Structure formats: C-alpha cells, structure tokens
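Novice: Protein chains in written order, with numbering that gives the first Met the number 0: chain A, 0 to 242; chain B, 0 to 242; chain C, 0 to 242; chain D, 0 to 242; chain E, 0 to 242; chain F, 0 to 242.
No wet-lab data here; the hints were simulated from the structure.
Heads up, a few of these hints could be off.
Heads up, incomplete: computed chain E residues facing chain F, CB under 7 Å, no partners named [said to hold, decoys possible]:
1. A37
2. H151
3. K231
Pairs of lysine to any residue, SDA-like flavour, derived with a Cα cap of 20 Å [what the hints assert, rightly or not]:
4. C/K89 to C/A61
5. F/K1 to F/N69
6. A/K89 to F/Q195
7. F/K1 to F/D15
8. A/K221 to F/I168
9. D/K231 to C/G12
10. C/K221 to C/N69
11. A/K231 to B/A145
12. B/K89 to B/M0
13. D/K158 to D/A145
14. A/K158 to A/S191
15. A/K221 to F/Q195
16. C/K89 to C/I32
17. E/K231 to F/K221
18. F/K231 to F/D58
19. E/K1 to D/A214
20. A/K221 to F/Q170
21. E/K231 to E/D82
22. A/K231 to B/I32
23. E/K89 to E/A61
24. D/K1 to D/I24
25. B/K221 to C/N188
26. B/K1 to B/I32
27. E/K221 to D/E193
28. D/K231 to C/A61
29. F/K231 to E/D143
30. C/K221 to B/L194
31. F/K221 to A/I190
32. A/K89 to A/D185
33. C/K1 to C/N69
34. B/K1 to C/A214
35. D/K89 to D/S222
What follows is a set of in silico ranges between Cβ atoms, one per label pair, in the way DEER data are often shown [unchecked claim]:
36. B/Q22 to D/G230: 54 to 60 Å
37. B/D143 to A/A37: 35 to 41 Å
38. C/P121 to F/H124: 46 to 52 Å
39. B/Q238 to A/L26: 49 to 55 Å
40. D/D171 to B/S241: 36 to 42 Å
Nothing here was measured: the structure is a model prediction, and the numbers come from that model.
Where a beta carbon is used, it is the ideal one built from N, C-alpha and C, also for glycine.
6 protein chains.
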Amino acid sequence: MKIQLINPNTCQGMTDKIAVSAQTICLPDTEIIARSPAHGPESIECAVDETIAAAAMLDVIAQGEAEGVNAHIVACFGDPAIDAARELAKAPVIGIAGAAFQLASLVSHKFGVVTTMSRTLPAAHHLLHRYGYHHLCTGVRATDIAVLDLEHIQADVYKQLVDECRAAIEQDGAEAIVLGCAGMSDLANEISSELQVPVIDGVVAAVKLAESLHALNLTTSKSGQYATPFGKAFHGRYQHWSR
Amino acid sequence: MKIQLINPNTCQGMTDKIAVSAQTICLPDTEIIARSPAHGPESIECAVDETIAAAAMLDVIAQGEAEGVNAHIVACFGDPAIDAARELAKAPVIGIAGAAFQLASLVSHKFGVVTTMSRTLPAAHHLLHRYGYHHLCTGVRATDIAVLDLEHIQADVYKQLVDECRAAIEQDGAEAIVLGCAGMSDLANEISSELQVPVIDGVVAAVKLAESLHALNLTTSKSGQYATPFGKAFHGRYQHWSR
Amino acid sequence: MKIQLINPNTCQGMTDKIAVSAQTICLPDTEIIARSPAHGPESIECAVDETIAAAAMLDVIAQGEAEGVNAHIVACFGDPAIDAARELAKAPVIGIAGAAFQLASLVSHKFGVVTTMSRTLPAAHHLLHRYGYHHLCTGVRATDIAVLDLEHIQADVYKQLVDECRAAIEQDGAEAIVLGCAGMSDLANEISSELQVPVIDGVVAAVKLAESLHALNLTTSKSGQYATPFGKAFHGRYQHWSR
Amino acid sequence: MKIQLINPNTCQGMTDKIAVSAQTICLPDTEIIARSPAHGPESIECAVDETIAAAAMLDVIAQGEAEGVNAHIVACFGDPAIDAARELAKAPVIGIAGAAFQLASLVSHKFGVVTTMSRTLPAAHHLLHRYGYHHLCTGVRATDIAVLDLEHIQADVYKQLVDECRAAIEQDGAEAIVLGCAGMSDLANEISSELQVPVIDGVVAAVKLAESLHALNLTTSKSGQYATPFGKAFHGRYQHWSR
Amino acid sequence: MKIQLINPNTCQGMTDKIAVSAQTICLPDTEIIARSPAHGPESIECAVDETIAAAAMLDVIAQGEAEGVNAHIVACFGDPAIDAARELAKAPVIGIAGAAFQLASLVSHKFGVVTTMSRTLPAAHHLLHRYGYHHLCTGVRATDIAVLDLEHIQADVYKQLVDECRAAIEQDGAEAIVLGCAGMSDLANEISSELQVPVIDGVVAAVKLAESLHALNLTTSKSGQYATPFGKAFHGRYQHWSR
Amino acid sequence: MKIQLINPNTCQGMTDKIAVSAQTICLPDTEIIARSPAHGPESIECAVDETIAAAAMLDVIAQGEAEGVNAHIVACFGDPAIDAARELAKAPVIGIAGAAFQLASLVSHKFGVVTTMSRTLPAAHHLLHRYGYHHLCTGVRATDIAVLDLEHIQADVYKQLVDECRAAIEQDGAEAIVLGCAGMSDLANEISSELQVPVIDGVVAAVKLAESLHALNLTTSKSGQYATPFGKAFHGRYQHWSR
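Chain A with its partners taken away, still in its complex shape (with noise of 0.2 Å):
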C-alpha cells in the first residue's frame, strides 16, 4: 500500500526524519511517500500558523488522492484540516494526535501528554475532547521547547523532555506517556528504556492505524459529513479548487 505522510509544516527536516521514523515500523511492501506543502509556515506553533498551514496541507492531499494513495497521515499534533482532508479523500486521513490516543488507551487506564509551546495546549486540550479522550488523559504538559529545535536535539532539550515525561508518571499519575510533536517521532523508544512506561508517538501509531484499515477495506465513509464537495468558484490564488 502507499501512505502519504504529510508534514504540514514546511521544514524539510522534520519531513525527512518522520519518514525514517514510518520507514522503520511499516510492513515490507508499504510505501511511505513524505511530504511537506510548498506554501505555508516553517513550524505550526500558533493558531495563525495552523490556520494557514490548513489551508495549504489541502493541495497536498488532492494531490496525493490524485496519485491514488491508499492512505493520508497529517503529521502535526493539532491534526489539522482533517474534517476537509476527508471530504477531499477517498482514501482514509488519519492525525497523530487521534492515532496516538487510541494506541495509549489500550495499554494504560491514563495517559499524559508531553508537547513544545504553552500556547498550543488549549489545541492538544480540544482535540481530546473532540476525540473523547479527555476523561483518560491526566494532563497536558508544555516543554517550551520550539518545534524547529527538535530538528536536531540537544542534550539539554532532551533532558528537559524527559523531566517533563517523568513529572507527568509522578505527579499526575500518568501510566503511558503520548509525545505531542511529530518532531519527538525518533525518541519514543529511548525514554520509554528510561522511565519503564509505554511511550506513543504518534507518526507511528497512525502508520499502523492506516495499515490495518486498509487490511480491513476500510475507507472514508462517502455518506454524510465526508461526502465528496458540489462544484463551486473559487477566486484568487485559490483559483485551482474551483469544482
């Protein structure tokens, strides 16, 4: 099957180090094709740059749905657009931080989230009320750590990320711990070795989810909320999703 892996920020860095991180876990005969939107900010930090970021990710799935991709992965925390990606989408759209909740809630009674800027709590707090997962999450806890600088991390960030993940275990009570940047993607695996509790990331959870939906023939439901859009104008630099 082929996963489009779509890192909706524009920095190539982050793009190629997720792809490494999906390459890892898929199955044989997966294809993995990661990318970024031409058009866009750098880092998605803020609802300004998510809001442009959404926007811009659309062209993105369009065209990987033209490609006939059996899958779509949107590759940011916030899981943005994905209302609009599955309108676009035949194929299923799935978001880290929804792939990365569910894997959490079997293998833990609660799960705490570790995330980059302060400002992008109130995102990580209403996606877990959209996805229904709020009652199972002891908290969301913000590292201040930028989303750029986790391209290539330092000791000192790392070290900071890793207080972070233990304060969620021993004050709030966490029993898994979900990293909320894709940009954490290659790190899951050493602070689990060092805090002895599952740790999701949530590139690779949604590349299992969209694996096993595409074993079970399962697409996005085309009856409803998700139905493909009517035809209409559309002006500007937008010209090109006129229907």
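Go by the hints and put chains B, C, D, E and F onto chain A.
Specialist: Frame of chain A, contents of chains B, C, D, E and F only:
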C-alpha cells in the same frame, strides 16, 4: 468607531447585503467597513470551503488591524479562524454565531437555530459546544437552501425558511430563533413579525456587541492564548506572513 | 430608552454607586432608573439573603414594567430571581453575572472571576454552569471582603482585591478578569490599568447589552418558559400578587 | 422524632393530604407536624410562584427549628429554597424531588418522572442535573393537570395521569415512575398496582429518609456552604430576619 | 424484615464486624443475616479481586432470594455485581457506596471520600459517575491501609485515617466524609465526634435505606434492565446456574 | 506473534467462527490461538451472564500469559473483565467494542452500533461512555437476535440485521456501522457491499490493533492501575488464584 465587517465568502452580493443590515442599526458615529477576501470560495458550505476561507480571511484581519479598526466581525455562521484572528488583532474579533447565541440567551430560555445546508450541522453543533450554549439550544435545523440563493430570496425559499422556523418553535420548543447564515440578515424582522418570537440575526448582534466592547474600552487580551505570534518564515503564497 | 437598574441589596450606597457607573457609560438618550427593594437584606452573602431578596425584588420588576421601562438589570452577581423576573417582564431582564461572562468570552480565551465571600462560590459556579461558561473560566476566587466594605473602599481592601486578580492571572492562567460583585463596579478600569488585562464589570456590561437588545427590538420571548403566569390567589404579605 | 412536613403551597387541602400520607408510613414514634406558610401562592406552578413561596417558607423552617424538630421536609417537587433552609437548620432538610430520585434509583436502572404543568419541566430538569440523576431518567412528562385539581382527583384526571405513566414506561423505557407533585402522594400505590412497576412518591420517600438520618444521628453539616449565616439588617417586611 | 448483608470478601472478621454495625442501628423487627461467599478472595483490592468476588457473590444473592429475604446489601465499597444481583433478585439490592453517597448528599453541599488502597481510586470515581454524584464530591483520598488491617485497628492506622479525613475537610473543602470501606464501619461515630462533620458509613446507610424501601413496599423493577434472565446452559463450575 | 483470541462465551461454534475471521485478515506470521473458557454461560446476554463469564475468562488470560502470547483479545462486545485482564497481563488486552469504536471513528464522523438483545443496550452505552465515543455515536440499535442464532445465520435473521443497519444510516444519520457482537464477524463485508458504508467488525479490528501494538513494542503499562496484583489468599473454587 470603525468596525470591519468581514464576509469570509467572496460573493460581493452578500457583502453588500450585510453592510446594509449593519448600517441600519449601528450608532451614528459607527463606520462600517464591509469587505470580503480577495481569495477563496464564493460561499462556505463544507469543511474544505471553510478551511480555505479561514486562511484567506486572515489577510483581511491584518489589513483592518493596520488601518486601526476598533473591531472585526467575522460574518459567517461557522465563526471561521476566530482564534487566529484574535492572535493577530488588538481590536476585539466577534463571530456572528457566538454573538447570536449570546443575545438569544438573554431573551429566551431555549432557542433554536435554523441554518442552510445539512452538512453545516456539525459545524453549528461544534460552535454551540465551544461557546457553551448547547444546553440552551432546542436543535439546529437545516433548510438545504444554498448560501448563494439567499442573495435574492424568492418567495418559495422564504416560505421554506419560515416553515423550518415554525417547526423549531412548535415541534422542538424553541422560544426564539437564531438565523444560521449571514445571508439571512435582512429577514429577521419579517420572520419575527410573522412568528411572534424573537428572531436573532448574528450580523446585527455582532455590531451591537462590538459597539458595547468599544464603549467599555475592552479589547482582546494579549496575555495568554491570544498573544501576538512571534516571528517565523512562511513560504510560497504565504510568504507575506513571514514575520 | 429607560433602563431599570435594580440593586437587590437594600443598601442605598451601592445603589448610588452603580447608578454612577451606569450613567458614565450609557448612551446619551438612555435614562438609568436605579432602585433597590423596600424590603430585604442590606447585603446578599448567603442563600438565605438571596432567597429573601429574590422575592422582594419581584415587586421592583413589576413596578418598572408598569412604568414601561425598556430593560431591567439585576445588579447582584448571583443573578437572583432571573427566571421569575422574565416571566413578569416583557422588557428584557439581564443579570450582571451573565452579562460579564458574555463580554469576557469575547476578549479572552479563558477568564477568571474574583468575588467577595467564600460562601458565594457555589452560587458563582452554579451560574457558570447555568449559562454554559464553566469551561471558559479558570476559577472563582473569593477575597472574603464583605459586600458593605465595598461602599467606601480602603487601600488595604483594594490591595487584597488586586492581589487576588493577579493570582487569577499568574497562577490560574486567567486572560481577563470578571469582577464578582456589583459593588466593585467603579474599580474595573483601575485594576485593568494595573494588571494589563481586560477587567469586566457586570453592571456596565449589562447596560450595554440592554441598549443592544433595545436597538435590535429584542424583548423577552413570551412563548414557553417565560410566558406571563396565569392568575391565582396569594395570601398574607404577598396578597398584592393575587392575579 | 418530630418531622416538620412543609407544604410550600398555601392550600390547606394539600397539606392535610400529605400529612395523611406521611402518617400512614412513618414509624410509631415519629410525629408529623404538617404546615404550610401563612404567606404566598395557593399553588406553585411557575418561577414567580416558586420565588415567593421560597421566601415565605423560610419562616416555617425557622419556626420548626426553634421548636426543635428533628427534620424538615420540603414537600413541593421543585425543592424550593433548599439551600437557604439548610443554612437555617441544624436538622436535616430533605426535598421530595431529591428523595424520590434516590429511592427510584435503588429499584430501577432508569426511571421516568410524571408531573403537572408543562412549564414546570425546566425546574424538574434543573433538579435532575443538580442532584446528578439526569442520566438515570428516561424523561419528564407533563400532564398539564393543575396542582389544585389534585386535591380531589376526578376519574378523568386520574386516567390522564395513568396514561402518561404508561407512556413513560412503554415509549420512553422507564422501569419505575417518580410522581412529580406532592399532591399525587395518595396515588402511588394504586398506579403501581395498575402498571406493575415501582411508583415513587417523594413525600413518603422523604419521611423514610428523614427517619434514616435521625437513626444514624446525621444532621446538616455546619462546616462550609450550610454554616449558619452571620447577622445583618433586614428591612421592611423581612425585618424579623435581622440578626 | 430480613436483610441479607453480604460481605463479598471472604474474611469472616469483617463479616462479623459489619453485622454488629448493622444490628446496632436496625429496627427491632429487622433481622440481619450477615454472610460472605464460600469462594473468592479474602479482601477486594484490585480489579482481579473484584471480578472474582462478583461471580462468587451471585451464589449468595440466589441463596438469600430463595430464602425470601426482603433486601440484599452488597457491603463492599466497589458495589460489585450490583446489576447482575438486581437481575436475580425481586428484593431490592443496595450497594454501600451508593447508599453512602445518597445520605451524604442530604446533609452536606459537598462530601469527600476516604478509602483504602490507591488502586481502588478509579473504582470509586467510576461509582461517583455511575450514580451521578461526581459533582458533589470534593475528591477521593486513599490511605493505603490494607483492608485486612481494618479488622483490628491499631492506633497508628486510626490516626492515619483521621488525618486523611481532616485533609479532605481542610484542603479539599469536604463538608461531610464518606468512609470508603465496609471495614471502617465501626469508626464513623468516633471520627465524626473528633472532626465535627457528618461521617457516613455505607453499611448502616444501606440498612436504613433497605428498611425504607421495605416500609414503602418498593422492590426491584422487573420491567426492563433488571428483568429475570431467561434460561440457558452454563458449563463447568458454573453448571448450577443452568436455567 | 501469538494472539490469544478469547470468546468469553462457552459456545465452541462462535469460537471457531471468529478464529476464521481473524485468520483471514492477520499477517502471515501471526498465530491465532482461539479459546473459550471451560466454565460459564453458553452466551452472554445479561449482567448475570457477563459477571460469571468475566471471572471464568481470567483463567484463560492467565493461561495465555503463561504461554507467552503477545496479545489477548476479548471477543465479546461488552469487553468483560478488561481491567482485571490488564492487571494480569503484560501483553496488551484489547476488547472488540473498544477496537471497533476506534477504527469506526477514523472513517466516519458519526457511527451507529447494531447489536443483539435489547437488554445489552445499557452495556453498549456504558462502553461508549467509558471509552469516550458517545458523542460520535448516532445510537445503538438492538435486533433482538439471540447470540446463538448467529452461529448459522438464516436468511430472515440476516435481513433483520441489514434492515436495522439501514435504519441506523437513514434514520439516525450513521455514516458507518459497528457490529455489536463477535458472532456477526463474518457478515461485515457483505453488509458493507449492500449498504455502501464502512461496516466494522470488532474481532478483525482488534486483531489489527494487536498487531499494531506488537510492531511498536507497546505492552500494558505496569505503572499504576494495571500493576500486577500483590499476593493474597483465595478460597473455594478460586483457590488456584492464591498468590
């Protein structure tokens, strides 16, 4: 004061219509600057439309802010990009759905919402939850009238709308009606006369709330979630957002 | 328009003070009629006080309605007897807690409430739930300042109040402050200057909402829950209510 | 023990009727003191009625407390003034709605409520939320029988009531019925025989709970919310409350 | 009446102790039949214990039902197997956690729960949600006292328990205390004297509720969820359940 | 990897059927070990059945764990004893209801559940709440097909099932269907072809989730709620659990 009244749809007809609604009820010294984005869909009727319109609308927010407007109104019932707009603006940003819910709750125990297309129902429910008004709403009813058909309303479309409002009152127990599209702005008084309950249009509700905040010198808090984003690079067609 | 501004406490000092607050910000053609009931407690600080003040206040609602006022404001943060008042009135009835929550939610992501006595905390939480704003509130903090001590505020009391507001911002993450007593009405601007976040006083918020509803010709729905009560006998000191 | 059984309506007929219900099922050494306030509405059927009855009822609570009763029962399904009553009383204060919900939840998975006038429905829903039983209730059905028509029940009114109970069972899935008015107290056994499900009358439920608390030596906590109010001046017809 | 008081733990010491508690406060004509299952864990302190004890306890329910008891009390704070027991029994089945929450809510605005092992906290929270009392609870505090250590309580264990109750009152704002284990049944009065708030033991609470239901002739509804199961084959050690 | 697929019912026919379903879609190197307990009811259709099956099933968990299986699947839609199983197992334990909800939420905005007997509805609703999917479910519909009638499905039973699925889509707005019984496992593809929406069977969903967790090296957290129980005495037929 200057109020920037934004129609996030690119259809000029609706922009003109809501400008008239706003000017009819604003204070003598309020200036209404009605605009729609240069880019994006003619009408917003699904998540794809809304995702693209949201990004396009931020340019208008930035323009108004640069001009020193005293309030921004987002005149689409989905209240798109309201968080991003508040990050960009010092002036208050008011969505018409939120505004309508507020005034409706002051004159009724429970209100009903009557809107356009069925597929916007989840968005309406999401806003009722987000703003905390779900328990005060008797239900959201779709008419399946297309947004652009509201520009010049025909008798049969009007009847369809009134019938749905009457059903909300008689079957659902609504004590007041919130109109779920800016394009219905000119119909509130007529429907209220016919059905003898308060009928709330979010456009004029938002204008009065904007004037209220201005009179009380209340502007968007820049402490916390709505702080101004810090600078970063944007690429491609969003390069002008590089800060 | 005529706004009846009701202080449900019988202390004239607070009635005079809120009249000044209202007159300072109302429109030129708004007449403020400030009143307190002839009967009841000097201040409302527990459920017994509120239960008695609620019954006494209905006489004032009836009087204002007979005089043809265009709006009633209930200027006690517990919004006492608001449902009964709406049954009696054709004019809108606005509680100051509800009014403050509405405007606070327009200029912040989450707001804090700072109020008087600890034992009014459950009442404040009840109102946050009733109006649907609980999820937008970072918490309610009591100062244990007595209501009557707000008539002529001393420096130490003022400091106590500001300290609690600061704690709401710094410890709880409040981005705006709602003042939880009509008696604090004259302090909003000063505290806002000092703390650099929006500070909302419910009295002036309610005045602007009353003017907004009036401008839009919106009055209490008489269909359903707030329909005029049908006649029946009342006995003893409530005989004048026999209808 | 002495139980003060308060009918907050001023109609003596209902007071006499519930006294009989209570005396029929109380323990041999329980004395039932049935009273209604000297002031207030003949029947409670809207928020105005309830607001006035609530204030009037507090005099009865104070009288009973002075006489040393061991429990107070508020025998109106809206459980009016229950918080204020608990502030005044050392003896427990039990509302009949709360009492009925408790026993109903012990003998059924989900129960239905059948009450009097439609406009009391919001009050019933409010109590279900307040006490936490909303998820255990299949719905509240109004019969639109006036409270005073329950004093001497005619055959057609009885049939109307039974029909609504049957609808609650057959259409809503109720497994037990809570009767939503003290005036229905004498009908519980008959309806239960006819419909073959438990039918709970709050008056007798409250009597048994009052006896239970007394046997266990449990009285209203005076720590926190229900502490005795501190003294202050009351004016006009409430001067006797000055403490 | 006959009450079957079931200790789902197999430790006879606790069975004897709660029998004494029950006999001390029951009516003269109430007979207490205290039993524990022949099978299962000595104490219930995790989900494995509870799952096994639940199945074992059903034999005791069936035995009591065959003997014609008038009520069953499940005297373990997790209220195990309460739904299955109600399917089997015509007599009411009362769990001690549910019983304690009901009485606590009649004498306080908010109560705290003090229980044994930390790992029973999720079970306690589950019950608060199931019965609808979560919003009335200030928190659940674990003492990490083992259940069997409650059989003969030493001074230091008692002090630990009282300290936790005091913390619930002073730090969490509890106005009453619910004891979270049947093994604490004999301590309620002593702790209440020391801390001067109501302290509720679920065992005696359940006895009084059982007597209340009996006096009102209320038994488990056999319409719907708690209808008697229809017959089927059971195998192995559960063959005696074949119906 | 080895997956222990447990049918908590003792009917061998269903065990064989789900083994086939699982083997059809598992990876080449996955070994399915399908088992049912030696003890307990032939089918699980009420709380008594489930309570007994839960205890019996723990023996199978312990056996699989001793054999070193890499995952356990509990193939009964009530997800019985899932917490106890997780305490016993280091390998992940997956219930089929939870698994089905997860995958359904990835391919639809809202899904419906179609199950067997009416009296299992409360159990299904409980699981939707427990896992946090209630707001994503359009409703649970019972077919009143007995579990054992699913072993060899007749044409009329199949039609009844499809009709109920169609009603969920057309009347309730379901965009995907979750089949509410392991015994329906072999019908998902056929119903999906007929109704043109995704139809999710929990058995195969759980197999793919088990393989996903195994690929990511995620096992049950032993920190907190699911820690291994400490030793204690068990009596009678549960003596083998003494630790």
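Novice: Now, for every hint given, state plainly whether the structure supports it.
Specialist: So, going through the hints one by one against the coordinates:
1. A37: holds, 5 Å
2. H151: violated, 18 Å
3. K231: holds, 6 Å
4. C/K89 to C/A61: holds, 10 Å
5. F/K1 to F/N69: It holds: about 5 Å lies between the C-alpha atoms, which stays within 20 Å.
6. A/K89 to F/Q195: Distance ~13 Å between A/K89 and F/Q195 Cα, so the pair holds.
7. F/K1 to F/D15: holds, 17 Å
8. A/K221 to F/I168: Measuring from Cα to Cα gives roughly 12 Å; hence the hint holds.
9. D/K231 to C/G12: holds, 16 Å
10. C/K221 to C/N69: Given that 20 Å is the threshold and the Cα spacing comes to 15 Å, the pair holds.
11. A/K231 to B/A145: holds, 11 Å
12. B/K89 to B/M0: holds, 14 Å
13. D/K158 to D/A145: Measuring from Cα to Cα gives roughly 15 Å; hence the hint holds.
14. A/K158 to A/S191: The given pair, whose Cα atoms are some 14 Å apart, holds under the 20 Å limit.
15. A/K221 to F/Q195: Given that 20 Å is the threshold and the Cα spacing comes to 9 Å, the pair holds.
16. C/K89 to C/I32: holds, 17 Å
17. E/K231 to F/K221: The given pair, whose Cα atoms are some 38 Å apart, is violated under the 20 Å limit.
18. F/K231 to F/D58: With Cα atoms ~17 Å apart, F/K231 and F/D58 stay inside 20 Å; holds.
19. E/K1 to D/A214: Since the Cα atoms of E/K1 and D/A214 sit roughly 18 Å apart, the hinted pair holds (cutoff 20 Å).
20. A/K221 to F/Q170: Measuring from Cα to Cα gives roughly 17 Å; hence the hint holds.
21. E/K231 to E/D82: holds, 19 Å
22. A/K231 to B/I32: violated, 27 Å
23. E/K89 to E/A61: holds, 10 Å
24. D/K1 to D/I24: Holds, at about 14 Å.
25. B/K221 to C/N188: Judged against 20 Å, a Cα distance of about 17 Å means the pair holds.
26. B/K1 to B/I32: holds, 7 Å
27. E/K221 to D/E193: holds, 15 Å
28. D/K231 to C/A61: violated, 27 Å
29. F/K231 to E/D143: Status holds; Cα separation ~16 Å.
30. C/K221 to B/L194: holds, 12 Å
31. F/K221 to A/I190: At roughly 16 Å apart (the allowed maximum being 20 Å), A/I190 and F/K221 satisfy the hint.
32. A/K89 to A/D185: Between A/K89 and A/D185 the Cα gap is close to 30 Å, so the pair fails against 20 Å, i.e. violated.
33. C/K1 to C/N69: holds, 5 Å
34. B/K1 to C/A214: holds, 18 Å
35. D/K89 to D/S222: It holds: about 11 Å lies between the C-alpha atoms, which stays within 20 Å.
36. B/Q22 to D/G230: 54 to 60 Å: holds, 57 Å
37. B/D143 to A/A37: 35 to 41 Å: holds, 37 Å
38. C/P121 to F/H124: 46 to 52 Å: violated, 31 Å
39. B/Q238 to A/L26: 49 to 55 Å: Violated, at about 39 Å.
40. D/D171 to B/S241: 36 to 42 Å: At roughly 60 Å between Cβ atoms, B/S241 and D/D171 fall outside 36 to 42 Å, so the hint is violated.
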